[in-house]
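Asker: As a plain string of letters, each chain reads:
Protein chains: 4
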Amino acid sequence: MMEKKGKVVLAYSGGLDTSVAVCWLMERGYDVVTLTADVGQSVNLEEKKAKSLQTGAVAAYVMDLKKQFVQEFVWPALKANGMYQGTYPLSSALSRPLISQQLAWVAKNEGAVAVAHGCTGKGQDQVRFEVAIGALNPELEVLAPVRDWHFSREAEIDYAKDHGIEVGASVQSPYSIDENLWGRAIECGALEDPWNECPEDAFKISVSQEVAPDKPQNVEITFEKGIPVALDGVSMDGVSLILKLREIAGAHGVGRIDMLEDRLVGFKSREVYECPSAITLIAAHRALETMTLSKEVLAEKKRLEASFADLAYTGYWFSPLKEAIDAFVDKTQENVNGTVRVKLFKGMATVTGLKSLSSVYNHDLATYSEEDAFDHSAAVGFIKVWGLPLKTWKQAHKQDPEKNESISVSC
Amino acid sequence: MMEKKGKVVLAYSGGLDTSVAVCWLMERGYDVVTLTADVGQSVNLEEKKAKSLQTGAVAAYVMDLKKQFVQEFVWPALKANGMYQGTYPLSSALSRPLISQQLAWVAKNEGAVAVAHGCTGKGQDQVRFEVAIGALNPELEVLAPVRDWHFSREAEIDYAKDHGIEVGASVQSPYSIDENLWGRAIECGALEDPWNECPEDAFKISVSQEVAPDKPQNVEITFEKGIPVALDGVSMDGVSLILKLREIAGAHGVGRIDMLEDRLVGFKSREVYECPSAITLIAAHRALETMTLSKEVLAEKKRLEASFADLAYTGYWFSPLKEAIDAFVDKTQENVNGTVRVKLFKGMATVTGLKSLSSVYNHDLATYSEEDAFDHSAAVGFIKVWGLPLKTWKQAHKQDPEKNESISVSC
Amino acid sequence: MMEKKGKVVLAYSGGLDTSVAVCWLMERGYDVVTLTADVGQSVNLEEKKAKSLQTGAVAAYVMDLKKQFVQEFVWPALKANGMYQGTYPLSSALSRPLISQQLAWVAKNEGAVAVAHGCTGKGQDQVRFEVAIGALNPELEVLAPVRDWHFSREAEIDYAKDHGIEVGASVQSPYSIDENLWGRAIECGALEDPWNECPEDAFKISVSQEVAPDKPQNVEITFEKGIPVALDGVSMDGVSLILKLREIAGAHGVGRIDMLEDRLVGFKSREVYECPSAITLIAAHRALETMTLSKEVLAEKKRLEASFADLAYTGYWFSPLKEAIDAFVDKTQENVNGTVRVKLFKGMATVTGLKSLSSVYNHDLATYSEEDAFDHSAAVGFIKVWGLPLKTWKQAHKQDPEKNESISVSC
Amino acid sequence: MMEKKGKVVLAYSGGLDTSVAVCWLMERGYDVVTLTADVGQSVNLEEKKAKSLQTGAVAAYVMDLKKQFVQEFVWPALKANGMYQGTYPLSSALSRPLISQQLAWVAKNEGAVAVAHGCTGKGQDQVRFEVAIGALNPELEVLAPVRDWHFSREAEIDYAKDHGIEVGASVQSPYSIDENLWGRAIECGALEDPWNECPEDAFKISVSQEVAPDKPQNVEITFEKGIPVALDGVSMDGVSLILKLREIAGAHGVGRIDMLEDRLVGFKSREVYECPSAITLIAAHRALETMTLSKEVLAEKKRLEASFADLAYTGYWFSPLKEAIDAFVDKTQENVNGTVRVKLFKGMATVTGLKSLSSVYNHDLATYSEEDAFDHSAAVGFIKVWGLPLKTWKQAHKQDPEKNESISVSC
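Protein chains in written order, with the UniProt record's numbering: chain A, 1 to 411; chain B, 1 to 411; chain C, 1 to 411; chain D, 1 to 411.
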């Protein structure tokens with residue numbers, strides 16, 4: 001008789017891999033508790049619960065985490081204009097620490113000895129789950145059945161059939177997908193040659209530039225302390241605003257990303273994403289920051305934004321550096337208030353207008369009109385001092401006069 | 001009788017300001033030598049020469065600097081993905097040190113005691129001219145008649161008429177323009193309210209998204225050591241390639257930029273640019289770098305790119321830091337070889353394909369197919385070590401378990 | 001009769017320059033109010049007050065600012081290990097914004113139209129005063145009589161005698177000095193040749209290595225949240241702790257600094273400082289941070305420390321970037337608790353012991369003894385993944401085998 | 001009969017671990033070739049060769065690598081002021097890539113199938129060897145017998161005795177040592193409590209402050225392009241200069257380092273080093289840079305120096321980022337020429353004089369004497385522009401006047 005090992009809490013999507021994982025873990029002596037979280041991926045939680053219990057789980061938790069996802073993960077990322085390598089808005093990366101947190105909580109609630117995820121051995125998500133759980137509860141063991149079992153796709157399907165697991169149509173899909181409120185990630189074989197353009201059927205929440213409407217649509221997004229609070233003047237909670245904007249911007253083809261990305265585990269990978277809300281909101285937020293933050297803050301913040309994105313991407317969400325960067329960012333966001341007009345059209349989200357009561361743009365300094373308040377004569381002294389180090393440098397390092405032979409001169 | 005002060009070499013565009021400056025300098029005792037440079041702004045050099053001499057200059061130099069501009073200024077900027085504040089491709093900023101260099105050369109050739117430019121006291125260009133000339137020849141005095149003369153627009157026009165200077169239609173234009181191969185800069189009164197969208201008639205070398213063709217156009221750009229050498233497989237010199245691409249990309253509405261920019265002289269200013277070639281080439285170049293540079297190089301280079309842009313923007317082109325950054329960048333560019341397919345459509349330049357013999361993308365590591373060469377089991381040890389510092393941190397700083405009250409749980 | 005211009009508040013040290021300034025400002029129509037602040041430079045406030053009134057001031061404020069200086073300026077700088085160019089602990093730089101703040105406050109209290117300082121036109125302090133006051137009250141005019149009056153030293157002394165100002169012995173001193181709790185700054189002619197060693201009589205609060213005692217002295221400094229709270233186990237307020245440590249460390253020759261420093265106003269300057277407390281406390285604080293902060297925090301904080309020092313040095317104390325960096329730093333300091341043993345001996349402050357309840361040093365991981373808790377086998381997978389990008393890079397860029405000719409090989 | 005596996009090249013110090021490794025590898029079917037390198041650790045190469053062959057090696061290479069070590073590893077590190085975490089001069093870290101290079105060369109020369117090192121599973125050196133060899137020859141297997149064999153110290157000694165390996169006195173030493181020209185690294189049990197001061201008998205190449213001579217000694221070090229070429233005016237090759245300076249500075253107690261260091265493999269470790277030459281030369285080099293490099297170069301170089309040190313520390317010596325940083329650094333070093341006077345006394349290396357024909361220190365700008373060439377009036381305009389953004393910021397964000405209650409005011 002098999003040794004009983006206690007309970008394991010499995011992050012359960014209800015797809016083939018995690019369904020097979022339920023059985024595979026049971027066969028190894030675990031009582032399996034599943035956790036299915038709604039982070040905006042249009043999941044039917046009750047269906048998943050039923051399927052889990054039917055597959056053999058001793059308990060099936062389902063949770064609507066959309067609100068917590070937005071407030072504790074998406075908004076901090078937006079305030080930091082979080083883009084890994086300047087390009088990827090971190091959508092999947094942001095959901096992993098949240099799900100890890102809830103896995104740890106359920107494990108505690110159920111007295112489980114381990115948690116489990118359905119990731120393979122070459123992705124980023126295994127790192128994010130395992131590092132986050134190690135941070136949240138160092139005592140918990142983390143299992144990775146999909147990484148361990150060495151099934152081929154065919155063997156996995158046979159195993160599923162043998163164990164009465166329904167094998168859905170999705171196993172035929174050439175695409176591997178992860179989705180949440182902040183974006184949708186797509187991987188597939190055809191993408192593995194970077195010269196190939198991404199096939200159109202890979203996308204779901206955005207249309208192509210070609211079929212996008214022939215008329216632009218303007219939206220006005222209002223921010224308070226760096227967070228969007230209203231769309232076209234209508235106040236909205238974060239979940240609603242992101243979903244609404246996803247629909248509008250996606251319909252104009254906005255938010256597609258196609259990149260070669262450096263994975264933490266040591267190689268480059270072609271990745272395609274659809275992130276209509278993220279792309280639109282980050283563009284608007286960045287523009288509003290140019291109006292409300294000083295030059296020095298903009299420059300230093302940009303460096304910290306890169307660190308923020310690296311931390312989120314590599315599983316270091318619950319880390320002291322992340323907390324310290326949040327403190328810096330939050331201080332800057334106290335002044336990021338105002339409204340941004342964004343034109344959505346044929347794949348582009350273009351900022352066409354900015355207004356803010358916290359603006360440090362000063363018309364009277366900038367203007368070339370008669371209201372000009374800038375002291376032009378101060379510029380003379382300024383330039384003299386500004387250029388002095390360079391003048392001194394060149395006096396110390398005399399050079400031959402520039403030769404001019406390749407230039408045609410007429411005089 | 002007026003004291004003779006010697007020769008001054010004036011950077012001369014032939015517009016109202018620099019024409020008036022010729023007379024104004026003559027009245028102050030200088031013999032004026034003008035220098036008119038072609039940096040791709042479609043200037044008629046012979047016309048300018050005639051106008052200069054007619055206005056009273058003792059000599060009028062005209063120079064075709066397009067080739068030198070591309071090779072010594074634009075290509076280094078492209079290799080560094082030079083964008084001030086991440087947005088402005090530095091077009092005007094790049095031409096100033098070149099013109100300064102030629103002013104210094106003509107001054108030497110003519111035995112002049114000073115050089116002069118036509119900038120006002122609140123722009124960036126005065127800084128760039130004066131700092132560059134101070135670096136190139138610390139003995140030369142730099143005059144800035146427009147900054148000094150305190151004419152109103154009306155007084156300036158009256159002065160011009162009195163001195164027989166033709167006042168062209170351009171003085172009625174609401175726009176202040178600077179143009180070269182790498183882009184076109186536009187300032188005007190209507191832009192001084194950042195909530196106003198930029199008027200369509202401000203643009204000249206790009207169409208609007210709305211009137212751009214309904215069919216996309218692909219171009220293939222081939223790079224060698226970070227520099228574009230062929231368009232659609234046809235080898236071209238740099239000037240031709242930039243001009244050709246400006247035409248194609250501009251016709252698809254690519255390259256418009258509208259931003260609030262932090263000037264060195266201490267205030268924010270609304271700036272609008274059209275840079276079809278710059279935007280397309282930088283997008284292609286950056287994408288090719290993701291395929292041919294390592295993760296660490298990409299991250300460090302990004303930081304140095306910001307420094308590069310600041311140096312170019314603030315007049316520090318001929319500086320030792322700029323030279324050291326060039327050395328770093330040039331080392332990295334040895335491997336930036338390959339071809340990039342860019343789709344130009346309705347204002348967007350989208351990279352849709354990459355290929356390179358210097359690629360460090362490794363299909364066999366990235367693939368999820370059977371050719372997978374990645375050692376999945378190594379990930380286990382990797383994650384253990386990667387997460388160890390965070391685990392240790394959290395063991396030292398025990399926290400209460402996460403409360404979960406706001407989340408709806410069903411199980 | 002002279003036009004009355006209103007009141008001006010003058011930062012008044014009571015030395016020759018500021019005494020002359022009182023008269024000079026009076027002659028220009030101002031009623032002069034003086035402000036003399038004690039920031040730890042052993043000033044006799046009542047004497048200064050008497051001298052000011054005698055010289056003609058209409059009112060003379062004297063303030064003990066030592067406590068505020070430590071809490072609002074020195075401690076934030078210590079938490080940020082504030083050292084300009086990695087070397088200068090910012091002593092004078094920290095007092096300027098505080099004095100500016102009080103100048104602005106007195107100006108408001110007195111209804112003054114201007115404030116004034118006694119700096120020349122080439123130092124840093126003029127920048128710090130004027131930028132800080134511009135930030136604190138943009139309406140206040142700032143006067144700089146010493147910068148304006150163009151007296152030679154002799155003319156100034158004659159003027160003083162003519163106006164009944166006592167010319168003290170200090171005017172014969174070859175040294176220009178600024179002093180406060182955090183350190184003492186020395187400038188003089190002999191230092192202007194960087195090959196000259198600084199003369200011994202330039203120093204006042206530290207002895208030379210040569211005459212320092214032949215026996216070392218240990219001190220134990222206890223920190224809470226990055227701030228020193230006890231010396232050798234005795235709790236102390238900040239002012240007392242700094243003064244006590246200044247005495248002890250100075251007596252062992254600790255704290256002398258001799259450097260070429262880049263001034264904001266565009267040139268390099270030889271500067272000598274004595275900062276016994278600053279050097280000892282920063283060494284101790286940094287060491288404690290290696291025990292209580294993570295690797296990533298240490299690295300990112302080091303970059304921000306450089307920015308912090310630049311801001312303090314260049315007059316940007318009251319700036320939004322400074323506030324955001326403070327927020328980052330304060331977050332990190334929550335864990336900087338513990339005790340540091342420092343050996344003071346012959347000019348050196350050497351950390352010889354560290355202990356902390358917030359330590360993230362983990363003996364069981366670090367030990368080579370049998371208690372070793374580190375999983376050695378995880379290292380194998382870690383190294384494999386860690387080295388993978390470089391292996392891939394080199395596979396893509398095959399090189400010839402290393403030639404070995406210059407090495408003597410015997411086998 | 002045992003399967004023959006081919007040749008393995010073992011990095012062989014001749015101590016207990018690597019001697020046992022010879023036998024252990026032979027037992028697993030390898031023909032062992034040893035490589036013993038002289039990198040300045042006072043090794044008797046011929047003795048090591050004899051011992052290796054006697055233990056059973058089929059061939060024993062011995063190499064004097066001192067010159068190559070200095071030129072290709074130490075000098076680049078000095079030019080980059082290479083200090084890991086600002087403190088450790090990378091001594092052991094620099095020798096590993098060199099030894100790896102020679103292991104790869106011998107492996108090629110001998111047709112070996114693998115190389116081997118004697119590191120454990122928790123140090124840095126395993127990473128450096130394995131990553132470097134993976135970069136230099138991705139086909140070579142790397143063995144780590146000490147990491148694999150799981151001997152206790154006692155079992156290892158028994159095994160050694162059984163195999164006729166001489167067990168020297170060093171196995172009784174409480175210290176684990178690595179030494180080369182650039183420094184000596186010490187680890188031991190007593191150091192594992194960071195509150196313990198390091199025992200005096202741990203040190204070998206430096207005396208304590210207490211017993212150092214009571215008279216200081218000045219040395220003058222001359223640099224060309226960032227590299228020391230003469231000591232006290234006497235030209236010397238690099239190896240001789242470092243050895244000579246090690247002796248002089250060590251005799252004055254200079255070069256001891258005691259730190260908590262963050263290892264790449266995820267934990268903090270107490271490390272003690274003696275690096276008399278490194279500490280003295282880096283201090284001199286940094287000081288000379290303050291005289292010969294511009295402010296901007298100094299600041300940017302400091303950031304890159306941290307990256308350089310991280311790369312060297314973590315095994316990324318042969319990496320593209322390291323090459324690009326070298327290019328930056330080499331460009332800056334073209335001007336780092338001159339002579340530095342360093343006073344060595346009681347543990348301190350203090351720079352007391354600097355002179356350079358490449359100096360950008362300008363006496364006429366810095367002086368307060370009558371030769372003053374600085375334009376004081378330019379400062380007025382400069383400060384006005386410099387402070388403008390802050391003034392604008394504060395105008396946009398009006399604050400209540402500063403309260404002043406806690407300050408004692410008398411007037």
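It is worth saying that the hints were derived from the structure and are not from the lab. One or more hints might be untrue.
Said to hold, decoys possible - Result set (PhoX-like, lysine-lysine): computed pairs, CA atoms no more than 25 Å apart in a straight line:
| # | chain 1 | residue 1 | chain 2 | residue 2 |
| --- | --- | --- | --- | --- |
| 1 | D | K355 | D | K244 |
| 2 | D | K161 | C | K398 |
| 3 | D | K225 | D | K355 |
| 4 | A | K343 | A | K355 |
| 5 | A | K215 | B | K204 |
| 6 | D | K225 | A | K295 |
| 7 | D | K343 | C | K343 |
| 8 | C | K7 | D | K302 |
| 9 | A | K215 | B | K67 |
| 10 | B | K5 | B | K67 |
| 11 | C | K108 | C | K244 |
| 12 | A | K322 | C | K7 |
| 13 | C | K295 | C | K331 |
| 14 | B | K215 | A | K204 |
| 15 | B | K295 | C | K7 |
| 16 | D | K394 | C | K322 |
| 17 | D | K398 | A | K331 |
| 18 | B | K204 | B | K343 |
| 19 | D | K398 | B | K322 |
| 20 | A | K302 | A | K355 |
| 21 | D | K161 | D | K204 |
Asker: Are the hints correct? Go through all of them and say.
Answerer: Do the hints match the structure? See the list:
no. : hint             : result
1   : D:K355 to D:K244 : 22 Å, holds
2   : D:K161 to C:K398 : 45 Å, violated
3   : D:K225 to D:K355 : 14 Å, holds
4   : A:K343 to A:K355 : 15 Å, holds
5   : A:K215 to B:K204 : 23 Å, holds
6   : D:K225 to A:K295 : 36 Å, violated
7   : D:K343 to C:K343 : 21 Å, holds
8   : C:K7 to D:K302   : 47 Å, violated
9   : A:K215 to B:K67  : 41 Å, violated
10  : B:K5 to B:K67    : 35 Å, violated
11  : C:K108 to C:K244 : 36 Å, violated
12  : A:K322 to C:K7   : 50 Å, violated
13  : C:K295 to C:K331 : 15 Å, holds
14  : B:K215 to A:K204 : 23 Å, holds
15  : B:K295 to C:K7   : 61 Å, violated
16  : D:K394 to C:K322 : 14 Å, holds
17  : D:K398 to A:K331 : 17 Å, holds
18  : B:K204 to B:K343 : 22 Å, holds
19  : D:K398 to B:K322 : 39 Å, violated
20  : A:K302 to A:K355 : 22 Å, holds
21  : D:K161 to D:K204 : 29 Å, violated
Taken one by one, the earlier hints fail for this structure at numbers 2, 6, 8, 9, 10, 11, 12, 15, 19 and 21, listed in ascending order.
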